[in-house]
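Chemist: One letter stands for each residue in the lines below.
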Amino acid sequence: MRLTPRDTRFFDLLTTAAGNLVTGAGLLTELISVPIAEREKVAQLMHDTEHLGDDATQEIMLALNTSFITPFDRQDIQLLASRLDDVLDDMDEAADLAVLYRIDEFPPGVEKMVELLARAAALTAEAMPGMRKVTELSAFWEEVNAIEDEADGVYRRLLAHLFNDGWAGGDPLKVMKAKEIVDRLESAADAFEHVADVVQTIAVKES
Amino acid sequence: MRLTPRDTRFFDLLTTAAGNLVTGAGLLTELISVPIAEREKVAQLMHDTEHLGDDATQEIMLALNTSFITPFDRQDIQLLASRLDDVLDDMDEAADLAVLYRIDEFPPGVEKMVELLARAAALTAEAMPGMRKVTELSAFWEEVNAIEDEADGVYRRLLAHLFNDGWAGGDPLKVMKAKEIVDRLESAADAFEHVADVVQTIAVKES
Amino acid sequence: MRLTPRDTRFFDLLTTAAGNLVTGAGLLTELISVPIAEREKVAQLMHDTEHLGDDATQEIMLALNTSFITPFDRQDIQLLASRLDDVLDDMDEAADLAVLYRIDEFPPGVEKMVELLARAAALTAEAMPGMRKVTELSAFWEEVNAIEDEADGVYRRLLAHLFNDGWAGGDPLKVMKAKEIVDRLESAADAFEHVADVVQTIAVKES
Numbered sequence: 001m002r003l004t005p006r007d008t009r010f011f012d013l014l015t016t017a018a019g020n021l022v023t024g025a026g027l028l029t030e031l032i033s034v035p036i037a038e039r040e041k042v043a044q045l046m047h048d049t050e051h052l053g054d055d056a057t058q059e060i061m062l063a064l065n066t067s068f069i070t071p072f073d074r075q076d077i078q079l080l081a082s083r084l085d086d087v088l089d090d091m092d093e094a095a096d097l098a099v100l101y102r103i104d105e106f107p108p109g110v111e112k113m114v115e116l117l118a119r120a121a122a123l124t125a126e127a128m129p130g131m132r133k134v135t136e137l138s139a140f141w142e143e144v145n146a147i148e149d150e151a152d153g154v155y156r157r158l159l160a161h162l163f164n165d166g167w168a169g170g171d172p173l174k175v176m177k178a179k180e181i182v183d184r185l186e187s188a189a190d191a192f193e194h195v196a197d198v199v200q201t202i203a204v205k206e207s
Numbered sequence: 001m002r003l004t005p006r007d008t009r010f011f012d013l014l015t016t017a018a019g020n021l022v023t024g025a026g027l028l029t030e031l032i033s034v035p036i037a038e039r040e041k042v043a044q045l046m047h048d049t050e051h052l053g054d055d056a057t058q059e060i061m062l063a064l065n066t067s068f069i070t071p072f073d074r075q076d077i078q079l080l081a082s083r084l085d086d087v088l089d090d091m092d093e094a095a096d097l098a099v100l101y102r103i104d105e106f107p108p109g110v111e112k113m114v115e116l117l118a119r120a121a122a123l124t125a126e127a128m129p130g131m132r133k134v135t136e137l138s139a140f141w142e143e144v145n146a147i148e149d150e151a152d153g154v155y156r157r158l159l160a161h162l163f164n165d166g167w168a169g170g171d172p173l174k175v176m177k178a179k180e181i182v183d184r185l186e187s188a189a190d191a192f193e194h195v196a197d198v199v200q201t202i203a204v205k206e207s
Numbered sequence: 001m002r003l004t005p006r007d008t009r010f011f012d013l014l015t016t017a018a019g020n021l022v023t024g025a026g027l028l029t030e031l032i033s034v035p036i037a038e039r040e041k042v043a044q045l046m047h048d049t050e051h052l053g054d055d056a057t058q059e060i061m062l063a064l065n066t067s068f069i070t071p072f073d074r075q076d077i078q079l080l081a082s083r084l085d086d087v088l089d090d091m092d093e094a095a096d097l098a099v100l101y102r103i104d105e106f107p108p109g110v111e112k113m114v115e116l117l118a119r120a121a122a123l124t125a126e127a128m129p130g131m132r133k134v135t136e137l138s139a140f141w142e143e144v145n146a147i148e149d150e151a152d153g154v155y156r157r158l159l160a161h162l163f164n165d166g167w168a169g170g171d172p173l174k175v176m177k178a179k180e181i182v183d184r185l186e187s188a189a190d191a192f193e194h195v196a197d198v199v200q201t202i203a204v205k206e207s
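Protein chains in written order, with this note's numbering: chain A, 1 to 207; chain B, 1 to 207; chain C, 1 to 207.
No lab work stands behind these hints, which were simulated from the structure alone.
All values derive from a computational prediction rather than experimental measurement.
Fair warning: there could be bad hints in the mix.
All copies of an identical chain are treated as equivalent in the list; a pair is satisfied when it fits inside any one copy or across any two copies.
DSBU-like, lysine-lysine: derived pairs with alpha carbons at most 30 Å apart [what the hints assert, rightly or not]:
#1 Lys179 x Lys133
#2 Lys41 x Lys179
#3 Lys41 x Lys205
#4 Lys41 x Lys174
#5 Lys179 x Lys205
#6 Lys41 x Lys133
#7 Lys179 x Lys112
#8 Lys133 x Lys174
#9 Lys41 x Lys112
#10 Lys205 x Lys174
#11 Lys205 x Lys133
#12 Lys205 x Lys112
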């Protein structure tokens with residue numbers, strides 16, 4: 001049963017949830033390139049995506065309560081769904097704050113962070129259907145960890161720039177606002193690593 | 001055994017722990033309404049409550065080590081106790097910082113956040129004795145999630161006000177201090193969601 | 001088997017991982033006492049140590065995948081390895097930010113926080129070989145919790161000093177930078193508590 005689970009519904013639902021992360025990363029890319037006046041529209045689309053994510057999570061929870069047989073431990077599926085949701089929450093918060101704070105410009109390095117998030121989202125979306133053979137997914141954990149590592153380096157250099165190089169004329173409130181947004185992007189990169197950790201946990205159990 | 005556990009000690013201890021959260025939320029309500037000179041006294045009561053919370057947690061851990069039969073997985077009870085404790089830690093930190101920072105006034109929106117925390121605390125205190133029939137608690141998870149969602153919205157509007165509207169005359173250090181306190185309240189709302197997540201995990205296992 | 005596990009490899013690997021935390025705490029002690037010009041060299045040593053930590057974690061993950069018998073649940077060993085790694089990540093971030101931000105001086109209280117981290121690291125390194133008799137480690141959880149409590153108190157007084165007493169001439173950007181570094185130290189203290197929580201979880205299962 002473990003190797004050929006017949007109930008493919010969970011893989012489909014997890015794949016949907018991961019697909020929302022690809023959409024979210026795409027919207028972040030848009031958010032940082034459109035004119036300020038159009039940011040609110042993009043943030044609204046992100047919010048819609050986040051609601052789709054909530055729906056997918058709830059559908060997974062419901063399916064867990066009504067399925068007799070699940071491919072893995074129920075709690076692991078629940079945890080994985082919840083970790084996927086965390087990524088989208090961070091993306092949504094970043095977009096929301098960018099609008100709320102009405103910041104003039106994004107600090108340099110933000111494009112790179114968003115690009116890394118898009119790569120992690122693509123890897124995650126590829127991995128979800130592959131959960132059927134989770135023990136073959138060890139490269140996923142390593143790749144997502146490498147991305148998180150790189151995002152962390154970009155994040156720290158970005159902070160140094162914000163604080164040391166007179167960004168925004170050294171205006172403390174503007175620096176704080178930019179930092180808040182960038183913190184959410186860094187948190188999203190961490191959240192991808194937590195997704196990979198759960199996948200790794202399941203792989204360890206199945207091996 | 002699962003449906004009619006005879007060892008009610010765990011439910012009593014969890015109910016006590018959740019009761020401390022109701023007390024904590026009540027003290028936060030007091031903290032933000034009393035004159036500055038009386039804040040320290042309220043923070044001290046909060047600290048006493050936090051110690052009661054620690055005692056309840058330790059009693060649960062001890063009971064876990066000495067009980068042969070537990071109504072649920074030992075680790076789930078341990079996790080639930082630890083998550084309840086996290087809420088009180090955040091409340092205690094918020095009260096402590098309010099005193100340490102000697103801030104003149106709380107930013108608008110704080111009353112609403114505290115009110116939401118009080119509602120989440122009341123729901124949690126109601127849910128704990130109901131853990132006996134945990135599978136009937138699905139509404140709890142949804143209600144706490146809805147409160148966390150609302151708290152999150154209030155939190156973000158509050159941040160926007162702090163940073164954009166010249167609050168405290170735009171004094172960066174005052175803005176930072178207010179943000180630190182509000183962050184703890186937001187963290188407490190998150191912590192309630194984590195409590196609900198553990199309850200949900202137990203319900204999934206029992207179903 | 002549980003009481004006399006013959007596969008001592010996991011204990012050795014966990015002991016190595018905990019030993020890296022002792023090294024990390026030692027490097028933090030050095031970092032805050034050397035002249036600014038030498039900080040980068042110390043941060044580089046910390047980074048090397050963090051890589052050793054990553055290697056130890058990966059070795060543990062690999063050993064989990066190839067060992068038929070493990071002394072405890074595989075997931076608990078995995079979680080413990082990952083929590084040990086979290087501590088070193090926080091230490092590494094603190095050292096990295098101290099260099100990146102080029103701060104002139106560390107605020108008072110930092111020495112005390114680093115000293116508490118060194119104590120927690122020593123306790124953890126002592127506890128790991130003792131995991132063989134994990135049920136005898138209950139004092140470990142209490143001691144690490146007491147250290148975290150003390151670190152928390154030092155942290156809050158330090159924040160009050162940063163924000164209220166005109167530290168760095170009340171320069172908001174300097175206050176923010178110092179706070180970022182101190183936040184990582186506080187996070188490392190929390191991370192030690194999370195290590196102790198996993199040890200406690202294993203002890204509960206084994207009892």
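Chemist: Compare the structure with each hint and give your call.
Modeler: How the hints compare with the structure:
Proximity of Lys179 and Lys133 under a CA criterion of 30 Å is satisfied in neither setting, with 40 Å inside one chain copy and 45 Å between copies. Taking the shortest Cα distances, Lys41 and Lys179 sit within 30 Å of each other both inside one copy (23 Å) and across copies (27 Å). Taking identical chains as interchangeable, the C-alpha atoms of Lys41 and Lys205 are never at most 30 Å apart, the minima being 44 Å within one chain and 41 Å between chains. Proximity of Lys41 to Lys174 under the C-alpha cut-off of 30 Å is restricted to the intra-copy arrangement: shortest distance 23 Å within a copy versus 32 Å between copies.
For the homomeric pair Lys179 and Lys205, neither the shortest alpha-carbon distance inside one copy (39 Å) nor that between copies (41 Å) is at most 30 Å. Neither within a single protomer nor between protomers do Lys41 and Lys133 lie at most 30 Å apart by alpha-carbon distance, with minima of 39 Å and 45 Å respectively. Proximity of Lys179 to Lys112 under the C-alpha cut-off of 30 Å is found in both arrangements, the shortest distances being 15 Å within a copy and 26 Å between copies. In this assembly of identical chains, the alpha carbons of Lys133 and Lys174 never lie at most 30 Å apart, being 47 Å within a copy and 51 Å across copies at closest.
For a Cα distance limit of 30 Å, the shortest separation of Lys41 from Lys112 qualifies both inside one copy, at 23 Å, and across copies, at 27 Å. In this homomeric assembly, Lys205 and Lys174 never come within 30 Å of each other (Cα to Cα): the closest approach is 47 Å inside a single copy and 47 Å across copies. In this assembly of identical chains, Lys205 and Lys133 lie within 30 Å of each other by CA distance both inside one copy and across copies; the values are 12 Å within and 24 Å between. In this homomeric assembly, Lys205 and Lys112 never come within 30 Å of each other (Cα to Cα): the closest approach is 35 Å inside a single copy and 42 Å across copies.
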